[in-house]
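Asker: Chains as they are written, first to last, in numbering that gives the first Met the number 0: chain A, 0 to 249; chain B, 0 to 238.
If you're looking for bench data, these hints aren't it; they were derived computationally from the structure. On a predicted model such as this, the values are computed, not experimentally measured, just so you know. Ideal Cβ placement from N, Cα and C applies to all residues, glycine included. Treat each hint with caution, since some may be false.
[Said to hold, decoys possible] The calculated BS3-like cross-link candidates involving lysine-lysine, where the alpha carbons are at most 30 angstroms apart (straight line), are:
id : chain 1 : residue 1 : chain 2 : residue 2
1  : B       : 69        : B       : 150
2  : B       : 73        : A       : 16
3  : B       : 125       : A       : 80
4  : B       : 125       : A       : 242
[Said to hold, decoys possible] Some residues of chain A that are not near chain B, with every Cβ distance over 12 angstroms (derived):
id : residue
5  : 5
6  : 32
7  : 47
8  : 79
9  : 88
10 : 244
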Amino acid sequence: MIGFWTLFYKELLRFWKVAFQTVAAPVLTALLYLLIFGHVLDEHVQVHGVRYISFLVPGLVMMQVLQNAFANSSSSLIQAKITGSIVFVLLPPIPYGAFFAAYVLASVVRGLMVGLGVLIATLWFAELRMAAPLWVLAFAVLSGAVLGALGMIAGLWSEKFDQLAAFQNFLIMPLTMLSGVFYSIHSLPAVWQTVSHYNPVFYMIDGFRYGFFGVSDVAPEVSLTVVIACFVAVSLLTLGLLKRGWKLRA
Amino acid sequence: MAAAVSIVDVVKHFGALEALAGVSLEIAEGEFFGLLGPNGAGKTTLISTLAGLVRADSGSLAVLGHDVVKDYRKARGLLGMVPQEIVFDPFFSVRETLRIQSGYFGLRHNDDWIDEILENLDLTSKADTNMRRLSGGMKRRVLVAQALVHKPPVIVLDEPTAGVDVELRQGLWQFVRRLNGEGHTIILTTHYLEEAEALCGRIALMKQGRIIALDTTANLMAAHPGGSLEDVFVRTMNQ
Ligand SMILES: Nc1ncnc2c1ncn2[C@@H]1O[C@H](COP(=O)(O)OP(=O)(O)OP(=O)(O)O)[C@@H](O)[C@H]1O
Ligand SMILES: [Mg+2]
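So that you can see chain B by itself, here it is in the shape it has in the complex:
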């Protein structure tokens, strides 16, 4: 069976800057995977190459066995991604946004699932509000909702909780855990290490375009007895 995500020797330059310096990574189906690292480590770049937003200079990436370049339609259909930056289309309401996004993925009559997502992200009361009139945290929730319209087997969340209030954060994690329980593979980047510690079964630590540590959360923690994931993070980065 193909891995949920398979990344082989991916290199990406932006001009002279080497954003990804040969990254290889395999994530199995059903994993809850954490991608951690300081600002500029290359997390978003790696995720963007997986989603086809950025083209790798060399190396290959596949989603459930489908190459993101050669078989891009399959690969994209299987992936749901929450971008790091808050972006929105100011012309539409929340519901219109989600219906349109469903259509892009080839889905009509998706309202039952849209309602369920709205409910879980506490957006039901904002369904008919224009995107411009939402607060920053609400806009981010809509981004999460947009990534889920097609029930993607692989879900990538690039700092989904930045700027989101405590209550929703817990609601979001409950929802994402449920999706993970139902078999969806989750890939998460976050700077809230307690979140990663509590949620992720396996973690990769990135620094300057490289993966410098990759193990189960339990093993990483065991290497530094008594410490938190934050201690592990700091020590690994300074090695």
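So that you can see chain A by itself, here it is in the shape it has in the complex:
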């Protein structure tokens, strides 16, 4: 257990020591989105009966939770692999389950910190309602964990930074952007609505938004089930790779 706590603590310290880049910068990015899209569209658009700027906030928060959870585990692993400092965690007797848990939890913490930062900053621009805070928390934690685990897979798989960037740009970005961060899928043509239902990130954001407004495109229980199923699947895959020492132990 001490091995796990130490690794978790090290992973927290790693991003906290550069919090300006890892926490403050993504909060600023989200605020820019909010200012630009929020102000341009606020007067013209209402979604689920709420003002667009209010509708946008949870989407942006969740987007940053997801992207930062992914960034945390993936960049930590790729950096350690490229610099060789990965040996420090490969030599000790840390069970692979503890290894997994430490990286994923640290990713969740970073995701939540950025998400909370965005939420607090947006209080100046839009009033905040939270119809069901427990749903908000559940979706934030579980979705962060899914992306943290995906980040581990990406970090293990990549051998160079550009491979990781490709993973991020061609998989993670499209999945989050096309998931309903900026719109309700009901405003899409029927075909794209159907396609959106195959995107797990759609359920993360839709369920998260339910926690704020009490309304959503899909029933929150369904979304939660999908997110839990994703977490189980991605975790099992990651654990399997770690157990084999895939791309870690030659």
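Since the structure of chain A is already known, use the hints to place chain B with the ligands on it.
Answerer: Below, chain B with the ligands without anything else, positioned relative to chain A:
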């Protein structure tokens, strides 16, 4: 009683290259053992399979009777390894690095021992310096320190003195000898043959993934009267 290290028929390929071509070796507890050979002989590969960084294609390895694959947690807990390449985590100071490494081995409140290691490796004044700000030789000393945080019964040093100044080299050997005197098994690779001659009780010479000579240092030297270990090395390699 189990050997400190027991290696049986270990084979390892990297693609078409046979890095280890069936290596068997037994090292008893308390030995000061030298693993010598030219660049690319397979020394680091052998050590890495022992530490679980590299997986053998076939054969088996054990540390104090614990198989490095089946019983990996025990085996790793008993082994301390100084890697050949200088690597470091740029986020942390020397002390943070050593505390974190202790934690990975399940140890809390290890500061007394950490202080002692720092003292012996002449790093006390750098304890709170960030790793990035250390010189190359100092970084290597920290690597040695990291390998010792959990007082491992078996210590593997892969060229620990490359790039380290004379004074520290002597300090390091004094410290390692003391650990050996206290019962720690030491396995050393080095290209400084005088060091091996002075320190090691037994030596294996490797070439192209094989052990081609294995004996006590005294016996190896006796086979070539009047020569140094370097002469023995050169002649054995050219046989
Ligand atoms: N990860 C790897 N991938 C491919 N080939 C490798 C890898 N590691 C080692 N090798 C090859 O295996 C052989 C043995 O290398 P090894 O590092 O074990 O040699 P060594 O005896 O430690 O040499 P040196 O004295 O230079 O440190 C070399 O031919 C090397 O190129
Ligand atoms: Mg080597």
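Asker: Next, verify each hint and record whether it holds.
Answerer: Checked hints:
1. B:69 with B:150: It holds: about 23 angstroms lies between the C-alpha atoms, which stays within 30 angstroms.
2. B:73 with A:16: It is violated: about 33 angstroms lies between the C-alpha atoms, which goes past 30 angstroms.
3. B:125 with A:80: Holds, at roughly 26 angstroms.
4. B:125 with A:242: This hinted pair is violated, its Cα atoms lying about 37 angstroms apart.
5. 5: Not fine: 3 angstroms to the nearest Cβ puts residue 5 (chain A) too close to chain B.
6. 32: 30 angstroms, holds
7. 47: 44 angstroms, holds
8. 79: 8 angstroms, violated
9. 88: 7 angstroms, violated
10. 244: 7 angstroms, violated
Going through the hint list in order, the structure does not satisfy hints 2, 4, 5, 8, 9 and 10.
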